[in-house]
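Engineer: Kindly generate the complete structure, drawing on both the sequences and the hints.
So for the sequence shown, this note's numbering puts the first residue at 17; every next one is plus one.
If you are wondering where the hints come from, they were derived from the structure by calculation, not from laboratory data.
It cannot be assumed that every hint is accurate.
Here are the simulated DMTMM-like pairs of lysine to aspartate or glutamate, each with C-alpha atoms no more than 25 Å apart in a straight line [unchecked claim]:
1) K18 to D221
2) K20 to E72
3) K37 to E65
4) K75 to D160
5) K155 to D212
6) K18 to D287
7) K18 to D68
8) K289 to D203
9) K135 to D160
10) K300 to E275
11) K33 to D50
12) K120 to D137
13) K98 to E299
14) K258 to E235
15) K273 to D212
16) K176 to D208
Restraint-style ranges between C-beta atoms, simulated for each label pair [to be verified]:
17) L102 to E204: 50 to 60 Å
18) V134 to D287: 19 to 29 Å
19) E204 to N280: 42 to 52 Å
20) K77 to D160: 38 to 48 Å
21) N280 to N304: 22 to 32 Å
Don't be surprised by glycine CBs; every beta carbon is placed ideally from N, CA and C.
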Amino acid sequence: MKIKIWGTRGSIPVPGKGTIKYGGNTPCVQIVADNGNHLVLDAGSGIREYGDCLLEHSKQKEVNIFITHSHWDHIQGLLFFKPMYLQNYTINLYAPAVNIETVKNIIDIQMQSEYFPVKSDILKAKINYFPVSAEENLKLYDIDIYTIRNHHSGLTLSYKLIDQHTRFVYMTDNEIYQNDCAKKISDECILDKNGDLIEFAKNADYLLHDCMYDPTDYESKVGWGHSNNLAVSHFANLARVKNLFLFHYDPNYNDAKLEEILRNTQSYLADMKSSTNCFLSEEKLEINFK
Numbered sequence: 017m018k019i020k021i022w023g024t025r026g027s028i029p030v031p032g033k034g035t036i037k038y039g040g041n042t043p044c045v046q047i048v049a050d051n052g053n054h055l056v057l058d059a060g061s062g063i064r065e066y067g068d069c070l071l072e073h074s075k076q077k078e079v080n081i082f083i084t085h086s087h088w089d090h091i092q093g094l095l096f097f098k099p100m101y102l103q104n105y106t107i108n109l110y111a112p113a114v115n116i117e118t119v120k121n122i123i124d125i126q127m128q129s130e131y132f133p134v135k136s137d138i139l140k141a142k143i144n145y146f147p148v149s150a151e152e153n154l155k156l157y158d159i160d161i162y163t164i165r166n167h168h169s170g171l172t173l174s175y176k177l178i179d180q181h182t183r184f185v186y187m188t189d190n191e192i193y194q195n196d197c198a199k200k201i202s203d204e205c206i207l208d209k210n211g212d213l214i215e216f217a218k219n220a221d222y223l224l225h226d227c228m229y230d231p232t233d234y235e236s237k238v239g240w241g242h243s244n245n246l247a248v249s250h251f252a253n254l255a256r257v258k259n260l261f262l263f264h265y266d267p268n269y270n271d272a273k274l275e276e277i278l279r280n281t282q283s284y285l286a287d288m289k290s291s292t293n294c295f296l297s298e299e300k301l302e303i304n305f306k
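Structural biologist: So, in structure tokens, the structure goes:
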């Protein structure tokens, strides 16, 4: 299994000189199984470029897209994913939902004439819809896929992917609850309200986790469903994560700000004597898990 990151940003795309290094597209992460088949986590604006790359460089004709939740920044790229318009492609769309119709609505509502200029009959790919619930266990190719509900509005899921080499956890749009400890975070403070998620991420080789804010900005956004870097540090340490990748950045943060957050996070982990390595997620970054 290997991954390539196509979108790292939260809320809204932010192209420009200040976001060139780490990226301005909204969430999209490509997974390639050992047999060459593709899975995609989220369909933010980053999925457009992934689709172009797929058409140009891959013979893969089936794509499995797993949506964490249907907030706009996680689905806004779907209608710009070119394989959706080609009849020789099969798109399997998985999303948190109670039935197939709810998953189908992710596309249908976007294609209403008030929001999009063409009708749904232009989509020539075979599109299959699969509702996914929390605490579900799926298997695709040689990968076991597990889900859990996040601390975020609506039904929002994290996905854990396990193959014979690696445990990879994708946990974006998740608020690590801090109780009344917002001013002074501790392991005990984090463990009290996040135990199920910590257990879900335990011993992950790689964790991509929401890190939308620094602690100062987080103070005015408690309850919004996003985390700050210090809470993420405690979370990863408690879960014994080997490699933590910060993800889903605030659109107001430029590359320099993200590097400042990374330095502070690495220093904080070192002060805790944590063995967790910390990195910034970066568009076009490829990680081979073998």
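Engineer: Against each hint, give a clear statement of whether it holds in the structure.
Structural biologist: Here is what the structure says about each hint:
1. K18 to D221: holds, 12 Å
2. K20 to E72: holds, 16 Å
3. K37 to E65: holds, 16 Å
4. K75 to D160: The hint holds at about 24 Å.
5. K155 to D212: holds, 22 Å
6. K18 to D287: violated, 31 Å
7. K18 to D68: holds, 19 Å
8. K289 to D203: holds, 13 Å
9. K135 to D160: violated, 36 Å
10. K300 to E275: Roughly 17 Å between the alpha carbons, so the hint for K300 and E275 holds.
11. K33 to D50: violated, 36 Å
12. K120 to D137: holds, 14 Å
13. K98 to E299: The hint holds at about 20 Å.
14. K258 to E235: Answer violated: K258 to E235 is near 28 Å, above 25 Å.
15. K273 to D212: violated, 31 Å
16. K176 to D208: Holds. K176 to D208 sits at ~22 Å (cutoff 25 Å).
17. L102 to E204: 50 to 60 Å: The hinted range 50 to 60 Å holds for L102 and E204, with Cβ atoms some 53 Å apart.
18. V134 to D287: 19 to 29 Å: violated, 54 Å
19. E204 to N280: 42 to 52 Å: violated, 22 Å
20. K77 to D160: 38 to 48 Å: Distance hint for K77, D160 is violated at roughly 24 Å.
21. N280 to N304: 22 to 32 Å: holds, 29 Å
Violated hints for the displayed structure, listed by number in ascending order: 6, 9, 11, 14, 15, 18, 19, 20.
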